[in-house]
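> Given the coordinates of chain A, assemble chain B onto it according to the supplied hints.
So the sequences go chain by chain: A and B.
For the first sequence, the positions run 1 to 278 when this note's numbering is used.
For the second sequence, the positions run 279 to 610 when this note's numbering is used.
Incorrect hints may have been included.
So these bits of chain B aren't anywhere near chain A, every CB distance computed over 12 Å [unchecked claim]: (1) 303; (2) 354; (3) 382; (4) 394; (5) 408; (6) 469; (7) 477; (8) 506; (9) 516; (10) 521; (11) 537; (12) 552; (13) 564; (14) 576.
To list a few chain A residues with every Cβ distance to chain B over 10 Å, as calculated [unchecked claim]: (15) 55; (16) 99; (17) 100; (18) 189.
Short, incomplete list of chain A residues facing chain B, as computed with Cβ under 7 Å [stated by the list, open to error]: (19) 98; (20) 102; (21) 272.
It should be emphasised that the hints constitute simulated quantities derived from the structure, not laboratory data.
By construction, the Cβ of each residue, glycine as well, lies at the ideal position given by its N, Cα and C atoms.
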Amino acid sequence: MTLALPPRFAAELRAARMVWRREMLHFLRDGTASLVALLQPLLFLFVLGVGLARLFAGSGGGPASDYLMFLFPGVLVMAAQPAAISAGASIIWDRQSGFLREMLVSPVRRGTLLAGKCLGGATVATCQSTVVLLGAGLVHVPYRLGLFVPLLAELALTALAMTVLGAVVAVTITRPRTFSTVLGVLMTPLIFLSGLMFPISAMPGWMAWAALADPLTYAVDAMRQTVVARTAAHPSSTLFAPVAWGGLRPPPLLELAVVGAFTLVSLGVAARRFSRTG
Amino acid sequence: MLRSPRPRALDSAAAAPTEGVPAIRATGVRKSYPGVDAVRGIDLTVAQGETFGFLGPNGAGKTTTIAMLCTLVAPTAGRIEVAGHDTRTAPGLVRRNLGLVFQETTLDGDLTAAENLRFHADLYAMPRATLPARVEAMLELAGLTAWRDRLVRTFSGGMRRRLEIARGLLHGPRVLFLDEPTVGLDPQARTQLWDQLGEVREREGTTLFLTTHYLEEAERCDRVAIIDDGRIVAQGSPAELKSVLGADRIDLRTGDDREAAVTLLERFGIEAVAGPHGLRVHAENGAALVPRLCAGLGVPVYEVTVTRPSLDDVFLHHTGHRIRVDRNGDAG
Numbered sequence: 001m002t003l004a005l006p007p008r009f010a011a012e013l014r015a016a017r018m019v020w021r022r023e024m025l026h027f028l029r030d031g032t033a034s035l036v037a038l039l040q041p042l043l044f045l046f047v048l049g050v051g052l053a054r055l056f057a058g059s060g061g062g063p064a065s066d067y068l069m070f071l072f073p074g075v076l077v078m079a080a081q082p083a084a085i086s087a088g089a090s091i092i093w094d095r096q097s098g099f100l101r102e103m104l105v106s107p108v109r110r111g112t113l114l115a116g117k118c119l120g121g122a123t124v125a126t127c128q129s130t131v132v133l134l135g136a137g138l139v140h141v142p143y144r145l146g147l148f149v150p151l152l153a154e155l156a157l158t159a160l161a162m163t164v165l166g167a168v169v170a171v172t173i174t175r176p177r178t179f180s181t182v183l184g185v186l187m188t189p190l191i192f193l194s195g196l197m198f199p200i201s202a203m204p205g206w207m208a209w210a211a212l213a214d215p216l217t218y219a220v221d222a223m224r225q226t227v228v229a230r231t232a233a234h235p236s237s238t239l240f241a242p243v244a245w246g247g248l249r250p251p252p253l254l255e256l257a258v259v260g261a262f263t264l265v266s267l268g269v270a271a272r273r274f275s276r277t278g
Numbered sequence: 279m280l281r282s283p284r285p286r287a288l289d290s291a292a293a294a295p296t297e298g299v300p301a302i303r304a305t306g307v308r309k310s311y312p313g314v315d316a317v318r319g320i321d322l323t324v325a326q327g328e329t330f331g332f333l334g335p336n337g338a339g340k341t342t343t344i345a346m347l348c349t350l351v352a353p354t355a356g357r358i359e360v361a362g363h364d365t366r367t368a369p370g371l372v373r374r375n376l377g378l379v380f381q382e383t384t385l386d387g388d389l390t391a392a393e394n395l396r397f398h399a400d401l402y403a404m405p406r407a408t409l410p411a412r413v414e415a416m417l418e419l420a421g422l423t424a425w426r427d428r429l430v431r432t433f434s435g436g437m438r439r440r441l442e443i444a445r446g447l448l449h450g451p452r453v454l455f456l457d458e459p460t461v462g463l464d465p466q467a468r469t470q471l472w473d474q475l476g477e478v479r480e481r482e483g484t485t486l487f488l489t490t491h492y493l494e495e496a497e498r499c500d501r502v503a504i505i506d507d508g509r510i511v512a513q514g515s516p517a518e519l520k521s522v523l524g525a526d527r528i529d530l531r532t533g534d535d536r537e538a539a540v541t542l543l544e545r546f547g548i549e550a551v552a553g554p555h556g557l558r559v560h561a562e563n564g565a566a567l568v569p570r571l572c573a574g575l576g577v578p579v580y581e582v583t584v585t586r587p588s589l590d591d592v593f594l595h596h597t598g599h600r601i602r603v604d605r606n607g608d609a610g
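Only chain A is shown next, with the shape it has when bound in the complex (with noise of 0.2 Å):
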């Protein structure tokens, strides 16, 4: 044993790493796919994304490189969101291809299991954003340290929320259809209502209480707080205004701490729902 851990203790983080490794190499193996999917965020951005800007602009509201600064973290949760569903739907192929009884019937915890599943669907997520991340300069962000760093682990929390998401519903439903009929509703107003495209000041009353029910409103606002603090710009006060809670504003962590406590609740629901399944 590497550590002084309890050999019980060990041997689940062993089979956690084996799980997640697994994932990478399907990842590897799989470049086509991968490549494919990140055409579209970069089609998001620069085709969605240039239309609307100059429709703001054009609208007297600013800039348009305030709008494509606005968009840009949404853009990378966006990129990281098809690989953190299929980690999902990995969960689903297995069972259909039949591995997941080899997994299932080992002496390892189902928890394990899938914490390993998807942390592995949320590294290839980050990884996926990190190259849509690389063209931030086009957007006019800029390329510094002390923002990519604290952005990609902030990427990296919103991957593993919405991969843990995909999974839930991958333990929950075994049919593959109707698996990603499900994912596909649930994940649209997420993605809608998390002020990614438009803030929330701009929400009718009622849709702006649903956004702050949406977990990953805190993920888009905590990354554009990163952008914002972190660029000289003097982003147009409409766009940036930061979600508030009433009169309060939840700062950076608290909305990180959001996320992160959605994501531990919801990997306990997948878990046990897991362990309860043959």
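Chain B in isolation, oriented as in the chain A frame:
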């Protein structure tokens, strides 16, 4: 030949209480699903090192029983011990002591043969020091050494099944469960698989527990339990089971069946009945009787068939119906 010690050391705690204990002991095991009694009370004991066959038609409760023995399904009633560990109170120890080969493949096609084995090793927390040698030994056992770094999705059905067996054995289980191991394999692959299983017994001394609805596979087992409709109807070595039926069956076609029947009764003391193509008699040692019949019957003998009782006859005897075997379409 590559040899590596069975990785027993990794679970010395698990190994300690198991010496002299049966590999599997099940008492009064039942499983009911809403509206269905899949298993209606099974008692069986499998000794260590034995090859035990679970013979029955599809839907008889074989797969459910295996799932219970492997801790995958909780029995509705009864008690199961594998290598001395109760499946309810110590499922972790039971899982360490068993290997599983399912009916359908459970390999990852996007990993290589060696990676599939390494994955398994990490799940079972096998000691790293002896692992590479063990992986090589198991690949060699499966005849897949040359294929170790190929993606499994390029493998044939027979290769996959052999790799599954190698993987099931990797962590040195006391019992290897095989659920219909040769279903869907062509005759050559089936033969190779049985060769591999023979070597497993010789090298690893593993107890093999297999389900099958193929009679010729049941014949290869040390002991067989015949299961029908969720119950074990007979249990014993193939020879023992067949001895219940006693005599061989002899079918005769002669020049004059009536005359022959009279002679049989008068000279040999054997009562003949009408058979499908002539006369049918039963005798202890049919093969030895044939030359005496030909010489002493007094009428020309055109055709003699001696049939030893088969396990299918045994099955028929105990259940009133035959196991339907359809090699091509897999019995329904």
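> Hint by hint, note whether the structure agrees.
Comparing the hints with the structure gives:
no., hint, in the structure
1, 303, "holds, 20 Å"
2, 354, "holds, 15 Å"
3, 382, "violated, 5 Å"
4, 394, "violated, 9 Å"
5, 408, "holds, 15 Å"
6, 469, "holds, 25 Å"
7, 477, "holds, 23 Å"
8, 506, "holds, 25 Å"
9, 516, "holds, 30 Å"
10, 521, "holds, 38 Å"
11, 537, "holds, 64 Å"
12, 552, "holds, 53 Å"
13, 564, "holds, 47 Å"
14, 576, "holds, 65 Å"
15, 55, "holds, 44 Å"
16, 99, "violated, 5 Å"
17, 100, "violated, 8 Å"
18, 189, "holds, 33 Å"
19, 98, "holds, 4 Å"
20, 102, "holds, 4 Å"
21, 272, "violated, 17 Å"
In terms of the numbered hints stated before, the structure departs from hints 3, 4, 16, 17, 21, listed from lowest to highest.
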